[in-house]
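Number of protein chains: 2
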Amino acid sequence: MQDIHIMPWPQEIKTNTGDFIIDEDFSVFIHGNTDEYSRISKSAVRFIRHMTDKSGVFVNEGFPNATGVSDATASLNIYFDKEAELAMGIDESYTLNVTDAGIEIRALTDVGAMHGLSTLLQLIKVKDGAYAFTGVQIKDEPRFVWRGLMMDVARHFMPISVVKRNLDAMALVKLNVFHWHLSDDQGFRVETKMLPELYKKASDGQYYTQEQIKDIVKYAGDRGIRVVPEFDVPGHGTAFLTAYPEFASKKDLDYSIERFAGIFDPTLDPTNDKTYEFLDTLFKEVAPLFPDVYFHIGGDENEGKHWDENPEIQEFMKENGLADNHELQTYFNIKLEKILAKYGKSLMGWEEIMTDNMPKSALIHSWRGINEGMEPGESLVKAVKNGYQTILSNGYYIDLLLSVEDHYLVDPLPAVELSTEEAGRILGGEATMWSELVTPLTVDSRIWPRTAAIAERFWSAQEVRDVDRMFERLNSMSQYLELIGIQHIKAKEYILRNIANYQDTHGLRQLTTISEPFKIYSRNAGGTEYKTYSPFTLFADACTSDATSVRPFRKLVNAFVDQKDQSVKEDLEHYLQSWKDIADQLKTIQPNAPLVSRVLPYALRVQEISSIGLKAIEDGEISQEALQQLEALIDNKEDPRVNLDVELAIAKDLMKMAQYLAKK
Amino acid sequence: MQDIHIMPWPQEIKTNTGDFIIDEDFSVFIHGNTDEYSRISKSAVRFIRHMTDKSGVFVNEGFPNATGVSDATASLNIYFDKEAELAMGIDESYTLNVTDAGIEIRALTDVGAMHGLSTLLQLIKVKDGAYAFTGVQIKDEPRFVWRGLMMDVARHFMPISVVKRNLDAMALVKLNVFHWHLSDDQGFRVETKMLPELYKKASDGQYYTQEQIKDIVKYAGDRGIRVVPEFDVPGHGTAFLTAYPEFASKKDLDYSIERFAGIFDPTLDPTNDKTYEFLDTLFKEVAPLFPDVYFHIGGDENEGKHWDENPEIQEFMKENGLADNHELQTYFNIKLEKILAKYGKSLMGWEEIMTDNMPKSALIHSWRGINEGMEPGESLVKAVKNGYQTILSNGYYIDLLLSVEDHYLVDPLPAVELSTEEAGRILGGEATMWSELVTPLTVDSRIWPRTAAIAERFWSAQEVRDVDRMFERLNSMSQYLELIGIQHIKAKEYILRNIANYQDTHGLRQLTTISEPFKIYSRNAGGTEYKTYSPFTLFADACTSDATSVRPFRKLVNAFVDQKDQSVKEDLEHYLQSWKDIADQLKTIQPNAPLVSRVLPYALRVQEISSIGLKAIEDGEISQEALQQLEALIDNKEDPRVNLDVELAIAKDLMKMAQYLAKK
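So the sequence lines, in the order shown, correspond to chains P and U. Every number in this note's numbering is 942 more than the matching position in the first sequence, counting from 1. Every number in this note's numbering is 942 more than the matching position in the second sequence, counting from 1.
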């Protein structure tokens, strides 16, 4: 099982010794539907392309059900009963059998069969000098019906091609909901014919045409992925009010779309009947673009400042017996719920929409936690106890840039007593890619491969939570993700080339193995450092969470300190020496690379730190003076933050090693 | 001038010492039109983004004409008289002045001003540890009005995102015609509502919707680029006949789109009136999608085999006094010319359309040369002497994978006596990217950076033809092309990772520095080796023409042999040693990388060759026996062609060195 690197891990899996070798005779036969434009057929074509790209094998038949291919001769037979109409809760189960004699995928629905293909692709391995599919017997189905990725295309717009490659990646890891955050203070991203000022005045020309939206919805559907749009109201409303200031809660402000990040005051006026006409017009036009029944209205982070400041709104609240802003927002949401119902949509919103009068048909999106002064998943429990269906995003905020381990160990089912019925209302979860600090260039490296681990949490059994195994498999997933088009590795290498001004990048690359971007929004404290158009081609943008040397180094330190294993000394020295050398290499390229000048002070600190560590391990001891010096260097408050925005991710483990050597 | 790496080289350029440093106060002011959705404004926004991406500078104002920015305070002032309506022959001139006090672009049209921005971006250099624009005074305009790139999206489909990034690159090097080869034997790539079978049956689902085409035309127009569509008839017609076999010259064949490359027989029936109704229906629908007046009908490589075989067609020819297939095709073309005229289009076609009765309004696209048994540009001269306007592609077939030097030195003006009037009919040229052997992954590396040199040929003065200087500048262009989104470097690195199965790629990368893909279609002799869906992730796909070590090594060998310069011995040894080492590194990764097994025999041959060369240079002599051995190794007929398809590009120079040492 150790060499099987599937993510999400299947519900049942047995290995056998009969691997299937990939050669030119490879062929596919689909039973039941041989229409070449069917979802399963297109999926099989993509599968064959990916297999040949990976293996370099010149297959004779590049399409399923080619002339002369039959169920008897095909390498891969695919059986399914019916084409699923995409909706929450469809059957997604499949079985997959690989032996040296052939491969078989069976499913109730075509979507299930497509999941089988995603699994099969991940079974490619090297066997006797050739590529082969590992012999397995798999029976699989998802634990949760709602397995989502949210992409915020408002803070930084993401072109169609970026969305499409991320949909491909979602399909690879069996995510099935694409939550499209289409409006926010920084932009409104949808063409509307009825309300054209929205995209004309509030998008910088960066928006999706309706045809492009239909194209994306189709593309997602072809991959078994539902699309849930979000238009965030009444807060996060600067873009709305840039186009139509007449619906603002605070009049005579000069609204223009935000260039910074943060929580802003502009809010739609819930006391103005015209506001509802306006939203009715918008929803009526956009609702048909999105066939899914769920429609996300945001509803989060409205602090109501502009409501407090408007006497007419205060008056309205009094007249209507609305005790506070919360009740006023409820009034607003319930109106929206009715509008959406007219267009066949069920309302979904961030947890703030859960108020006393909200109909139980609303879907509650739980997001707040420790960072917002609440218990993690507090609203999730409240929702199911109040009879609402819910999904969880708290714990899956990938833009926090925490270790994937932190996300992986969060379970959508909270550790509290719930009835079966209550637990059943937890539909799943969503990873959220807020885009204040990502661009089309860097977004892939922020989502992937880490979201594969979250996808596993949503799909696989609750007990699948071995972190070491997860990291091993994640490394393979990174390669499969590049195979299907994700640009995380390519973009990183490009950023390093750009920083080095096309000189040797190996010092910079080495430095990324121990450096992680600042976490929990501290890179952009208060949202005031980076504007939308600031450069995201900096060293921090080439770095990722879970820098690659951190865990291996930690294991060595733990062996050395906890197990008193002297044999790891050489490896520790090797690491420290390689980090010590970085600054010298950077010095050679710095004269012709202005961006390296920004990195160099940090690299010099790494050099000092590594030198002390190296001397300590070589000497087998460290003086109190050197230890304090090391501590001071690591705690350095003069962090070159503005230009670098990274933390030295091996610092804690290095201190552990040094403290151990000091005591000896 | 040596540190200025602009391509195309401007008509007039003077340097001054006043470089303009890029800092956070950088701002842009556009005079005349401040509409944020104007072409020039969007172009300026892209310019600012590229400048910040490159420099890492956090500019305060990310948009032109921001509040508080005036002509007095702006770093860059842009002046132009009018927005050009895109058409052949519009004014594209501009002047650019950069001093330490500020930057000024002046042009008659917005398109000229945009060219100024392309030039300015290429003036970024390192100065005193910061990025700056080099101080210059430039006066510039194009030599030819038609500067094109043709992309074949029939043999391998190219998604919208691929087309868009190549349009960005075209704008960077001031190309102004995108020739879109939309149909061929391997596919028909346009949605047609009137003739839906075309894209439904003959595209494998890979086609552009009409909305996407409009989007591309708009995108191109925003970059000052005209779009000329090509629907290739009556030959190259398999896709047409797959959808509508009733218009075939040979009946009762089972037409289906081609998977191989080559010249095929399926041809539209020019004797059937319905064929013209069919094409009229098609052209009527698609013509409005393309605002440009020119419409390319192909017309090439029809060998008329199916005409010869059809007695009814032979009968028709007799009845209508058509002496041969050539006259029959003329009959066809003239009918098309009339149809296109109805829709306001001028006919353009490959040189075969130039027959006696073809109206002089037709534009002749000259393409045949030595490889087709003709003098280079023969048809070009014939065209202008016959009164036709013409453009040249012979010499600019970038898919031949020749050295860029070969293309660079071909001038659109032939070396024959032409009157001013005749010469004036030569409008320019087009580089042609036929896509039998390229995919969306590799196409960028086949087009770029080399097409920048061809763009220079079309734009710059005829005398600009210093090959060494061109190569120096091309190297910088490669970096600017990556900055604006071209994926040539990223794709190569990815292919190497894939071959190495994510192990160390440095041996493979080293091998690409001396290996070039087979040239002049010999990689796919007869078109039978590679199908459309064969893998293009092989070693040859990571290699490019003008492998990077070839010219430096040649210079060393020439110095050593021709100038008897002993000081280069060490450098020669260093090269040979590095090539000798490649195979050993590949051996370490081969057990876990099946695709490396294919490369290894070649690397071992390189090792033997390099060893002999190294010993020769170390010894200062080579035995006749060793020389013969070297010769045999280099001439090796057992080339691992099928799997590798590359040639050892330093072989000739190495032999020169060895032969010199043998004589000593």
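I should point out that these hints are in silico values taken from the structure, not numbers from a laboratory. A quick note: this is a predicted structure, and the numbers were derived from the prediction, not measured. Don't take each hint at face value.
Identical copies go unnamed one by one, so any copy, or any two together, can satisfy a pair.
When the alpha-carbon atoms are kept at most 25 Å apart in a straight line, the in silico SDA-like pairs for lysine to any residue are as follows [to be verified]: (1) K1142 to Q1152; (2) K1156 to S1103; (3) K1160 to I1426; (4) K1506 to N1578; (5) K1143 to Q1154; (6) K1069 to H1448; (7) K1506 to P1233; (8) K1193 to E1269; (9) K1324 to Q1445; (10) K1069 to R1411; (11) K984 to S1103; (12) K1106 to G1147; (13) K1081 to N1328; (14) K1277 to V1235; (15) K1432 to N1417; (16) K1216 to D1196; (17) K1143 to K1156; (18) K1160 to Q1148; (19) K1069 to R991; (20) K1434 to P1494; (21) K1226 to Q1148; (22) K1226 to Q1079.
Worksheet item: Under a CA distance limit of 25 Å, which applies to K1081 and N1328: within one copy, between copies, both, or neither?
Response: Neither, since 35 Å and 73 Å both go past 25 Å.
Worksheet entry | 25 Å Cα threshold - placement of I1426 relative to K1160 | Only inside one copy: K1160 and I1426 sit 18 Å apart there, 29 Å across copies, limit 25 Å.
Item to complete: Indicate which option fits the pair K1506, N1578 if close means a Cα-Cα distance not exceeding 25 Å: within, between, both or neither.
Response: Neither. Shortest intra-copy (30 Å) and inter-copy (58 Å) distances fail the 25 Å Cα cut-off.
Worksheet item: Is it within a copy, between copies, both, or neither that the alpha carbon of K1432 lies no farther than 25 Å from that of N1417?
Response: both (15 Å within a copy, 20 Å between copies)
Item to complete: Up to 25 Å between alpha-carbons, please classify K1143 paired with K1156: within, between, both or neither.
Response: both (23 Å within a copy, 22 Å between copies)
Worksheet entry | Alpha-carbon proximity between K1216 and D1196, which holds within one copy, between copies, both or neither at 25 Å | Answer is within: at 20 Å inside a copy they meet the 25 Å cutoff, but 62 Å across does not.
Worksheet item: Between copies, within a copy, both or neither: which fits K1143 and Q1154 at Cα up to 25 Å?
Response: Both: 19 Å inside a copy, 23 Å across copies.
Discussion item. Within a copy, between copies, both or neither: which one fits K1324 and Q1445 at a CA-CA cutoff of 25 Å?
Written reply: For K1324 and Q1445, the Cα distance exceeds 25 Å both inside one copy (56 Å) and across copies (49 Å).
Worksheet item: For K1106 vs G1147, is the C-alpha pair at or below 25 Å within one copy, between two copies, both, or neither?
Response: both (20 Å within a copy, 16 Å between copies)
Worksheet item: Between the shortest in-copy and the shortest cross-copy C-alpha distance, which are at most 25 Å for K1226 and Q1079: within, between, both, or neither?
Response: neither (48 Å within a copy, 56 Å between copies)
Discussion item. Treating 25 Å as the Cα threshold, decide for K1434 and P1494: within, between, both or neither.
Written reply: Result: close within a single copy only, 21 Å intra versus 29 Å inter.
Practice prompt. If the cutoff is 25 Å on CA atoms, where do K1193 and E1269 land: within, between, both or neither? Let me know, please.
Written response: Classified as within: same-chain Cα gap 22 Å, cross-chain 75 Å, threshold 25 Å.
Of the hints listed earlier, those the structure fails to meet are numbers 4, 7, 9, 13 and 22, in rising order.
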